[in-house]
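Colleague: Sequence:
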Amino acid sequence: MASGSRPWGALLLLLLLLPAECRAGGGCSGEGGPLEPFDALYASGVEAYYGGDFAGAARCLERALRSRRELRAARLRCRRRCRGQVRLEAPGPGAGGDLPFFGSVLRRAGCVRSCEEPRLGAASRHRAAEEVRADFQRRVPYSYLQRAYIQLNKLDEAANAAHTFFMANPEHMEIQQDIENYKTTAGKVSLIDREAKQHMEDYSAGVRHYDKEEYELAIDFLERALKGYYSEDEDCQIMCEGPQRFEEHEYLEYKAGLYEAIADHYMQVLACKHDCVRELATRSGRISPIENFLPLHYDYLQFAYYRVGDYVKALECAKSYLLFHPDDEDVLENAGYYEGLLEGTMDPDTIKPRKEAKMLLRRHKLESHLLQVAAAGLGYTYTEPNYWNRYGARQDEHSVPSSISSEPEDGPRLSLAKKPMPKPDRELKEGGPLLYSDVKFVYNSQQLNGTQRVLLDNVISEEQCRELHRVASGIMLAGDGYRGKTSPHTPNERFEGATVLKALKYGYEGRVPLKSARLFYDISEKARRIVESYFMLNSTLYFSYTHLVCRTALSGQQERRNDLSHPIHADNCLLDPEANECWKEPPAYTFRDYSALLYMNADFEGGEFIFTEMDAKTVTASIKPKCGRMISFSSGGENPHGVKAVTKGQRCAVALWFTLDPLYRELERIQADEVIAMLDQEHLGPSEMNINPKDEL
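Per UniProt numbering: the sequence shown = residues 1 to 697.
Treat the hints as calculated values from the structure; they're not laboratory data. One or more hints might be untrue.
No more than 27 Å apart at the CA atoms, straight line, and that leaves these computed lysine-lysine pairs for BS3-like [unchecked claim]: (1) Lys584 with Lys617; (2) Lys515 with Lys440; (3) Lys626 with Lys515; (4) Lys515 with Lys505; (5) Lys154 with Lys197; (6) Lys313 with Lys355.
Given the sequences, and given the hints that come with them, work out the whole structure.
Modeller: Below is the structure:
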């Protein structure tokens with residue numbers, strides 16, 4: 001949720017329940033006493049923001065964020081202390097044998113409460129609504145903070161707040177543009193993620209040094225990341241001992257017996273603990289974890305230690321990795337090679353996997369066993385996820401050590417080449433027929449420095465471009481497709497658009513020439529046929545969305561411009577340049593498989609289409625639009641792309657997205673097909689362009 005919409009629901013109810021003196025920032029002025037609930041502080045901050053009290057909003061929102069951190073820290077501290085002070089006793093035999101165990105449970109509960117209450121007050125004060133917790137998970141308070149700090153002219157604080165929000169919401173293009181503006185106006189180059197997970201920051205830094213072959217630095221950061229991971233894992237386990245939701249029962253009507261009630265609650269606690277490995281591998285704001293996250297630390301380290309000559313550590317890390325994947329042939333071969341290097345100096349069998357890895361894996365397997373026992377015996381629904389997916393592998397180009405000149409050619413070989421990624425849903429092909437004799441092939445994937453890319457010319461003629469442009473001027477609306485936002489990607493351009501169905505509707509009503517309206521339908525179908533044929537798809541390619549779009553440079557706003565007309569993104573996943581990942585999860589259009597852009601004109605300045613690497617910075621190909629030119633590509637993270645700023649004139653194109661899944665066919669396209677069928681029955685005729693490839697090559 002951006003700061004432009006009020007968080008009604010639970011937050012509004014909380015505001016109404018606050019005393020009058022606590023509203024509009026008044027409740028943020030005092031310190032001391034029990035910790036103030038973060039949801040109440042958040043509600044006061046939002047109310048102050050919409051009331052124009054930006055200083056009060058910033059104060060309350062900062063206090064809310066701090067309160068939430070302190071709440072977690074206090075709970076961790078007390079639960080950890082009481083674990084040490086009150087050990088759970090084993091039940092004894094006979095009648096009353098369970099009393100020592102339950103007695104220790106009661107003493108630990110009392111210990112936790114007596115520890116927490118002086119700082120936190122009553123536990124009920126800190127039970128925030130699900131909606132509010134979701135806002136903090138998605139870092140929404142930082143969106144408000146950014147806007148408040150702008151009003152207070154605190155640009156450094158605003159930039160860091162924007163960056164923190166953006167790291168969990170990389171699809172939020174307005175914030176992305178704000179960050180670019182901060183870099184220009186405030187000279188802010190180094191941005192701080194205020195909610196960064198330190199173990200992930202260290203891991204990312206270690207991988208960066210590894211990729212640069214700076215192995216000693218890579219070791220330092222990866223070892224630090226491992227230490228942080230296991231510390232965070234312990235914290236995660238402890239936090240799971242807090243309140244749980246009884247999903248199948250209303251609390252006041254809960255009638256289960258003693259052992260059923262204990263089992264019900266404990267299984268939810270256990271499921272939470274079991275999922276800590278996923279939680280620790282998931283970046284903020286994301287749903288999907290980094291695959292194979294923990295084992296990857298050991299995989300990187302085993303090779304890094306080899307390269308610095310520490311074969312003992314290399315073998316130790318290889319054996320640690322093999323705990324998770326005992327049949328990994330590459331690492332098995334590596335371990336054998338390291339053992340050969342150590343022969344004669346020490347017994348390789350004395351080198352064991354790391355204890356913390358063994359303990360975590362042993363605990364994880366026991367948790368899984370108990371959860372499956374519960375599912376079978378108590379009626380729980382549980383499916384064990386694949387936590388250690390081997391396809392999440394190192395992606396490097398380091399070859400076997402025998403490629404190093406100092407290694408004997410007949411010596412042991414270390415297989416460290418790039419490991420296979422998951423097979424795509426379909427076999428990737430290209431180079432199929434273009435179907436139409438006028439269409440001119442320009443560049444393929446290799447020439448465009450990428451995968452599943454093609455550039456074509458003469459897809460439509462100059463006359464058809466002019467006709468389509470005339471149609472566009474009569475049917476387009478500002479902000480169409482973006483909830484009426486006239487400048488959805490940049491404040492320096494006006495965005496207008498229209499769909500196929502709207503064009504046909506206007507044509508049928510006589511507001512634009514019917515044949516001209518039909519042209520839009522016909523050329524999009526021609527483009528679909530070409531894409532389906534060129535990429536040699538074995539199944540039907542369906543329309544997912546079709547949009548006639550124009551971007552117009554706004555006069556007086558083009559000087560010193562350094563933003564993009566459309567920021568770098570991917571079409572079916574959330575591009576995360578910092579992690580070098582593209583997360584295929586909502587709100588991305590994950591069902592899109594191929595994309596195409598058919599250009600209508602060239603009489604403007606700027607507006608080049610660009611492909612980049614996953615870092616969203618390194619440009620791999622740049623394409624200048626012109627009438628009849630079409631660029632098409634697969635929609636995934638292999639093809640990040642964007643549009644350079646349109647600095648003069650108007651740039652128009654037909655944007656097309658396709659899917660191989662008929663469940664996600666464009667509804668308006670289906671309706672447009674029905675309109676076309678009706679028009680044909682009424683003998684109103686097609687456009688002058690025949691989409692049937694009678695002139696097929």
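Colleague: None of the hints should be skipped; say for each whether it holds.
Modeller: Structure-based check of each hint:
With a C-alpha separation of about 20 Å, the suggested pair lysine 584 and lysine 617 falls inside the 27 Å cut-off, and the hint holds. At roughly 26 Å between alpha-carbon atoms, lysine 515 and lysine 440 fall within 27 Å of each other, so this suggested pair holds. Between lysine 626 and lysine 515, the direct Cα distance comes to roughly 23 Å. Compliance with the 27 Å bound is thereby established for this hinted pair. Between the alpha carbons of lysine 515 and lysine 505 the distance comes to roughly 12 Å, so the proposed pair stays at or under 27 Å and holds.
Restraint check for lysine 154 and lysine 197: satisfied, since their Cα atoms lie roughly 25 Å apart, inside the 27 Å limit. Between lysine 313 and lysine 355, the direct Cα distance comes to roughly 14 Å. Compliance with the 27 Å bound is thereby established for this hinted pair.
In terms of the numbered hints stated before, the structure departs from none.
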